[in-house]
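S.K.: Following the hints, complete the assembly by docking chain Z onto the known chain F.
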Amino acid sequence: MKNDIDELDLKILAFLEGDLPLKPEPFKDLSNSLEISQEEVLNRINFLMQKGYIRRIGAILRHRKYGYKANAMVVWKLNEEQLKKIRKFVEKKREISHAYERVTIQGKWEYNFFTMIHGRNKKEPMKIIREIVQLLGTQEYAIYKSVKEFKKSSPVYARRLLNEREKKF
Amino acid sequence: MKKEIKDNLLKILQYDFPVSTTPWRDIGKKLGVSENEVLEMVGDLKKEGIIRRIGAILAKEKLGFRSLLVALKAKDNCMDEVVTYLNSLEAVTHNYLREGEWNLWFTFSYFKEEELHELKSRIEDFSCVEDILILPATKTYKIDARF
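Residue numbers (our numbering), protein chains in the order written: chain F, 1 to 169; chain Z, 170 to 316.
In isolation and in its complexed conformation, chain F is listed as follows:
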C-alpha cells in the first residue's frame, strides 16, 4: 500500500467501487458519513484520479445487453516484431477491449498474447481476427469461445483493503 493515500481516501474509493446513487447530490450521504464537505470529497476524487488510483469514472455497461453479443477470447503466439505491429492495431479497435502479453509455460501453453474481441454478431469478431491474421501473417492462434458465464462481478479492491485493516486492529 502506498503512503500518499489515507483511510478516508480508501473509503471514498470503496464507495466509488459501488454504484453512484441516483439522487441529485450523489456524494452527499458519503460526505455526511465521512464528516467532511462534499467539496473535500470531490477534491480527493480529483487527487485520486491525478495520482492514477482511479483509472476512470463513469458508466460500466453490460456489453451483451448493449448489443455486443458475440464475444471471444483469442490467444496468439507472436514474436517481438508481431507484437510491435499489433500494438497500434488494438489501440484503435474499439471491438478489442483487453489485450495483454502473458507468460508462456513450455510444453503446456505457448500463446503469449491475449485479446478479448466483441461484436454485435458472430461475423464481426471473425472479421477482426482475419484482419489480425492478415496484418501479422500468422496462423498461430486459438479462439476460446465462452460457453457459459459463471461469474462476472465488479471488483472490490478498496473494500478488501479496508477489511484487512479492520482485522489488524
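Source of the hints: derived by calculation from the structure; they are not laboratory data. Treat the numbers as computed from the prediction; the structure is a model and nothing was measured. Where a beta carbon is used, it is the ideal one built from N, C-alpha and C, also for glycine. Be aware that one or more of the hints could be misleading.
[To be verified] Among the chain Z residues that face chain F by a calculated CB cut under 10 Å, a handful are:
id: 1; residue: ALA225
id: 2; residue: LEU238
id: 3; residue: ASN264
id: 4; residue: TRP271
id: 5; residue: THR307
M.R.: Quick look at chain Z alone, frame taken from chain F:
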C-alpha cells in the same frame, strides 16, 4: 427514450462523466434535458440491464494487488463444486466455461502471497481438476471496455 439521446447519454456517462456535486444536472445541461429526465433515463438503462453500475474503475496494481488469469482442465464430475468455490471468492470477478481442452477460465486478484497459495491448494484438492495454468500478464496493451 429516443435512440439519439440514449446513445449520447451513454457516451457522456462512459467517456465524460462530470465529477461534481450535481453530475446528473450537469449531464442534463449537455443534453438539453432536465436533471429529473437524466435520472429517469439512467434508471431505465439500469433496469434494462445495459448499465451495470456507475462508479470508478481502480488501478488495482497501485493499491498493491496483483492479478492473474487462471485456466483449468476440469472434468464434468466436480465442475459444480469448483465453480461454487471460485464464485464464492471476492478475488474472482470473471469466471467462464470455454470450448477447448482448457475449459474453465477465471481471473484472480490478490495482495498477499498466502491468498494465492490458498487458491492453489484448494484447487489441487478437487479430483476432477487435471491441470492448472497460471498466467500473469507481463505487459498490458489495452484495457478499455467502453462501447
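S.K.: Hint numbers the structure violates, sorted upward?
M.R.: Violated hints: none; all satisfied.
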